[in-house]
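**Q** The chain contents come next:
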Amino acid sequence: MTQSNRLNGGLINRGKPLNFNFDGRAYQGYEGDTLASALMANGVRFLGRSFKYHRPRGIFTAGSEEPNALVELRSGARQEPNTRATVAELYEGLVACSQNYKGSLRYDLLALNDLFSDILSAGFYYKTFMWPAAFWEKVYEPIIRSAAGLGRLSGEDDPDEYEKGFLHCDLLVIGGGPAGLMASLTAGRAGANVILADEDCRFGGRLNVEQEDVGGKPAVEWVEQAVAELTAMDNVRLMPRSTAMGAFDHGIYGVVERVQDHLHTPVEGKPRQTLWRVYSKRAILCAGATERPIVFPDNDRPGVMLAGSMRAYANRWAATPARMVAVFTNNDDGHRTAVDLMAKGVDVTVIVDARLDAPTLTGVRLISGAHVIGTKGRHGLSSIRVRQADGREETLACGALGVSGGWNPNVHLTCHQGGRPVWNESIAAFVPGQNIPVGMSVAGAAKGLFSTEDALRSGAEEAVAALESLGIAASALKLPRAVNSAYNLQPLYHVPHGKGRAWLDLQNDVTVKDVKLAHQENYRSVEHLKRYTTLGMGTDQGKTANVNALAIMAELTGKSIPETGTTIFRPPYTPVVLGTIGGRTVGKHFHPTRETPTDKWAREHNAPFDTAGDWMRARWFPQPGETHWRQSADREACNVRKNVGICDVTTLGKIDVQGADAASFLNRVYANGFAKLAVGKVRYGIMLREDGACYDDGTAARLAEEHFVITTTTANAGAVLRNMEFARQCLWPDMDVQLISTTEAWAQYAIAGPKSRELLQRIVDSEFDISNEAFPFMACDSVTLCGGLRARLFRISFSGELAYELAVPTRYGDALWRRMLELGQDLGVAPYGLEALDIMRIEKGHPTGRELDGRATALMLGMGRMVSRKKDSIGSTLDQREGLTDPNGLRLVGLKPVNQSEVITAGSQLVNETAPVHIDSEQGHVTSACISPHLGHSIGMAFLKGGDQRMGEIIRVVDPVRGTDVKVQVISTHFFDPEGGRLRA
Amino acid sequence: MLDLQSITPLWGETPRADQFNRLTITEVPNQALASLALRKGREDEGRKAAEAMLGFALPEVGRHAAAGSYAASWFAQDQWLISAETSEHELMSYQLVDAVAGLASVTEQTDGWCRFDLEGMCRGVFERLSGVNLAAMEAGSATRALLEHLSCMVICFETASHYSVLGPRSYARSLHHALETAARSAL
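Chain order of the listed sequences is A and B. Following my numbering, the numbering of the first sequence begins with 1 at its first residue and continues without gaps. Following my numbering, the numbering of the second sequence begins with 1 at its first residue and continues without gaps.
No wet-lab data here; the hints were simulated from the structure. Some hints could be false.
Claimed, not checked - Under the rule of at most 30 Å between Cα atoms (straight-line distance), these lysine-lysine pairs were calculated in the DSSO-like manner:
| id | chain 1 | residue 1 | chain 2 | residue 2 |
| --- | --- | --- | --- | --- |
| 1 | A | Lys896 | A | Lys642 |
| 2 | A | Lys681 | B | Lys48 |
| 3 | A | Lys344 | A | Lys376 |
| 4 | A | Lys513 | A | Lys681 |
| 5 | B | Lys40 | A | Lys870 |
| 6 | A | Lys642 | A | Lys102 |
| 7 | A | Lys270 | A | Lys164 |
| 8 | B | Lys40 | A | Lys559 |
| 9 | A | Lys871 | B | Lys48 |
| 10 | A | Lys376 | A | Lys681 |
| 11 | A | Lys127 | A | Lys516 |
| 12 | A | Lys499 | A | Lys513 |
Computed from a predicted model, the values in this text were never measured in an experiment.
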């Protein structure tokens with residue numbers, strides 16, 4: 001197809017034609033085109049179907065405020081629905097489709113909705129789908145879901161990268177039109193750090209689309225010079241294609257930079273978009289203004305568009321929506337459209353001006369005091385019906401109509417922190433109020449200063465003022481000469497004449513009638529109006545609709561527009577894709593991961609991993625022939641009890657505690673006593689929260705009189721250090737204690753099993769005696785191994801076997817692990833993972849996070865007597881509360897099935913032997929369970945009401961979800977080697 | 001004689017170096033590190049004793065100092081991270097313990113951290129990783145900053161062009177991935 005609606009001139013590069021495809025048809029545009037301008041140049045007016053009534057819709061604006069021209073951009077996994085064709089830059093090979101129809105765009109089955117528009121008015125859903133209730137899920141919802149929405153998602157993973165970042169500046173200038181450029185030049189020349197962000201790919205704002213001079217030269221040339229000067233400044237960062245989408249606290253702005261949206265395929269390693277968090281000391285909002293239409297019957301046909309946009313297409317993109325156009329306006333700005341289009345050779349058939357005293361214009365028919373009261377054209381405008389001041393009506397042929405009802409300053413960001421705009425009668429629009437975000441000022445059209453001269457001046461003045469408040473001297477620049485054109489608006493929001501629906505919110509299909517219905521049904525507050533009619537709730541957030549709707553509601557309620565007020569403006573200013581908000585935190589990069597010193601070895605041996613916080617922990621180490629995790633875990637656990645196993649326990653938190661008061665400090669932090677722990681000894685300890693709940697357990701080893709190393713559970717390592725720091729700094733600041741984490745400084749391995757000492761003796765240097773006599777249970781010491789490697793050795797056991805924990809500098813962890821496996825081969829050494837660790841600790845009745853669930857007290861855990869009453873420690877008072885000391889409260893017990901072939905499952909509930917399975921019968925719950933390879937049957941740990949008094953009782957473990965009901969006997973949690981003889985061997 | 005082979009935080013036998021367009025990121029594993037925290041009531045004595053061993057004044061808040069074999073970065077109130085080349089000072093923490101016995105607490109941190117040095121165009125990398133304006137740091141300053149959710153120590157040797165980033169060792173590969181990804185994106 002030829003570019004039949006392409007005009008002369010424009011800021012497009014005719015030397016670089018670009019091929020693209022829309023709805024399966026090939027077209028050509030030029031570099032510099034948007035998808036909308038290229039389609040317009042090719043004579044395509046009908047771009048998609050409306051949301052509810054499936055009415056034909058075309059291009060309405062030339063910017064990000066576009067409600068109508070939404071397309072599915074790109075194909076395959078990169079397909080992006082609801083993309084505004086008006087801001088999609090054209091590139092070679094672009095593919096786009098229209099959206100929201102069943103069948104074809106021209107013959108849409110769902111266009112039937114339009115025939116039933118009388119019953120599909122606002123509130124239709126709420127009134128219609130209430131009965132019968134059973135229909136909702138099965139009938140109504142599927143139908144509504146299938147009909148709802150606009151574009152389609154591809155359903156595939158987005159293949160592109162997105163990222164987030166942080167920028168800092170003295171001054172953030174939002175918008176690169178005349179005000180923004182002048183502000184940036186002023187601040188840039190003063191040496192301030194400036195960021196200039198504009199949503200367009202080209203700086204200049206309206207200067208790119210108007211035929212006017214600035215500084216004695218065409219505006220576009222002035223813009224190019226200004227941009228060149230700013231580009232040369234090291235202290236100025238120019239950010240085109242960057243939308244300031246939100247104003248947040250403390251001068252922070254969210255800026256979405258569309259880094260590669262204008263390319264066919266993003267360069268690998270580079271993001272498609274970046275969400276910048278900009279920390280600004282000051283910001284100037286130069287976001288310009290958005291034109292609003294005048295609402296009249298059948299004003300939604302393709303070809304009806306904003307007048308300012310119509311001339312933008314003509315001037316910047318050399319495109320016209322039709323060769324014969326008309327203009328409907330209530331202000332002088334509308335006349336500029338007629339002038340500019342005529343200058344480009346477009347036939348302007350008529351200017352319909354609502355003002356009786358409209359200025360005349362040479363070469364075009366002007367009907368003053370008149371209204372457009374209707375349109376014709378099935379898939380695009382073919383004529384308009386005009387009602388003159390004296391009531392006479394006539395039909396005039398045209399292919400497009402430019403409508404101007406005035407301009408609304410883009411106050412959005414001034415309101416993001418709860419500010420309310422104020423009504424300015426002289427321009428009949430809301431302008432920024434007093435309570436705008438701290439550090440923000442507003443310049444140019446965003447402030448209601450619509451002439452270029454005013455915009456330039458205010459940009460410079462606001463920059464000087466902002467910099468002065470920062471102590472940066474700036475002088476006002478000499479202002480370039482510019483147009484100071486009159487605006488002369490006579491407010492008209494909607495035409496009171498004519499038949500047919502008059503569309504307010506084109507994206508959500510909200511009509512004037514809907515607003516009237518909302519009023520009739522008493523949804524009169526603007527917030528109710530919005531929600532009842534869905535006005536302004538589309539992706540365009542009603543940028544071209546809201547003020548007109550408010551005006552109509554004001555008219556109906558007899559109030560003024562400012563009394564009616566606006567709804568709250570919230571971020572984002574324009575839609576932000578979810579990928580950008582997610583940034584790089586996707587998939588396995590959702591959070592950083594911590595690797596143990598044996599991670600490399602474990603991966604070499606195909607170990608499956610589990611996460612513990614950020615840590616990656618190996619669950620088991622499969623051997624050839626093992627097909628089920630239990631085979632591996634049971635083998636590993638049995639090997640520990642029979643020979644020797646090694647396990648990476650580096651993830652346990654380690655905190656170095658030093659100072660003259662280190663022992664007294666620990667005595668206050670742990671519930672049990674630590675002051676008298678001898679040097680060279682380790683003690684198990686529990687920590688309570690202030691409320692008495694037991695929140696962590698671990699060991700403390702006394703390496704020297706004033707030096708301890710404590711261990712915490714993996715999950716609580718951070719919390720314990722934080723709580724100890726709080727105690728050190730805030731509770732007892734006079735104590736001499738120094739704390740620091742050493743968790744990852746040491747690779748720490750458990751070496752467990754009857755042959756563990758023998759294995760250790762092969763690596764610990766011979767001068768160290770680690771015999772049972774010299775190094776008994778709960779001993780600790782510094783040793784060297786493998787010819788001089790510094791290490792710490794602790795004789796502690798989680799498995800219940802003769803066991804040690806050996807710590808070496810992390811960089812040697814991998815080598816030591818491999819060495820132990822090599823040297824212990826004849827001893828049957830084998831690594832064991834989390835699952836075997838869990839089996840063995842359940843067999844020994846040791847609690848972990850499953851039992852330390854944030855509610856458990858020491859008494860519940862069977863460790864009540866560990867809470868020393870001879871001293872004060874955190875939580876030791878509140879754990880004596882009546883509710884926590886009830887003798888019939890939950891107590892940790894062991895369970896074994898009466899029928900040993902049955903299985904106890906963790907998470908199951910406990911009921912008495914003959915009680916019904918009901919919440920009222922609940923006696924407690926199972927916290928941990930496993931099938932013990934040593935006992936040959938299932939075992940479990942559980943919190944049972946009065947459990948310590950019910951040893952031997954038969955109860956039931958029930959799980960109504962999984963349908964299990966198992967008879968069990970209550971026994972001690974010490975299932976295996978209850979005397980502890982093995983660990984002292 | 002010790003017959004175990006150590007590995008770097010990135011699992012290598014030798015440190016890794018990555019070259020990007022106008023930026024090099026180098027793994028620096030050969031640093032002995034120790035935390036030095038002054039004992040309460042002995043601050044002046046502890047400081048003097050440490051300075052006598054190091055040969056320079058311990059840096060003030062947010063600063064880094066180096067002379068001879070040693071370097072020190074302010075870490076927290078009355079606390080510094082001391083560093084030296086491992087090849088010469090592997091047992092630095094023991095020497096420090098002797099030097100400040102009873103006056104300051106010394107904790108070896110050598111294997112608690114991974115260190116990556118960035119030389120070249122650093123601004124774009126930091127912009128993508130941290131809310132702290134690291135590219136604007138003065139030479140000789142040191143700060144704690146969150147990078148990739150991790151509490152890192154960042155030392156600036158030359159504004160915008162030469163830094164050390166120290167992060168928790170167990171996160172080394174995640175931190176390196178983040179640095180590398182940011183460098184690829186920025187440069």
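**Q** Would you mind marking each hint as holding or not holding in the structure?
**A** Status of the hints after comparison with the structure:
no.: 1; hint: A:Lys896 / A:Lys642; in the structure: 23 Å, holds
no.: 2; hint: A:Lys681 / B:Lys48; in the structure: 33 Å, violated
no.: 3; hint: A:Lys344 / A:Lys376; in the structure: 26 Å, holds
no.: 4; hint: A:Lys513 / A:Lys681; in the structure: 84 Å, violated
no.: 5; hint: B:Lys40 / A:Lys870; in the structure: 27 Å, holds
no.: 6; hint: A:Lys642 / A:Lys102; in the structure: 70 Å, violated
no.: 7; hint: A:Lys270 / A:Lys164; in the structure: 12 Å, holds
no.: 8; hint: B:Lys40 / A:Lys559; in the structure: 70 Å, violated
no.: 9; hint: A:Lys871 / B:Lys48; in the structure: 37 Å, violated
no.: 10; hint: A:Lys376 / A:Lys681; in the structure: 94 Å, violated
no.: 11; hint: A:Lys127 / A:Lys516; in the structure: 17 Å, holds
no.: 12; hint: A:Lys499 / A:Lys513; in the structure: 11 Å, holds
Checked against the numbered hints above, the structure breaks hints 2, 4, 6, 8, 9 and 10 and satisfies the rest.
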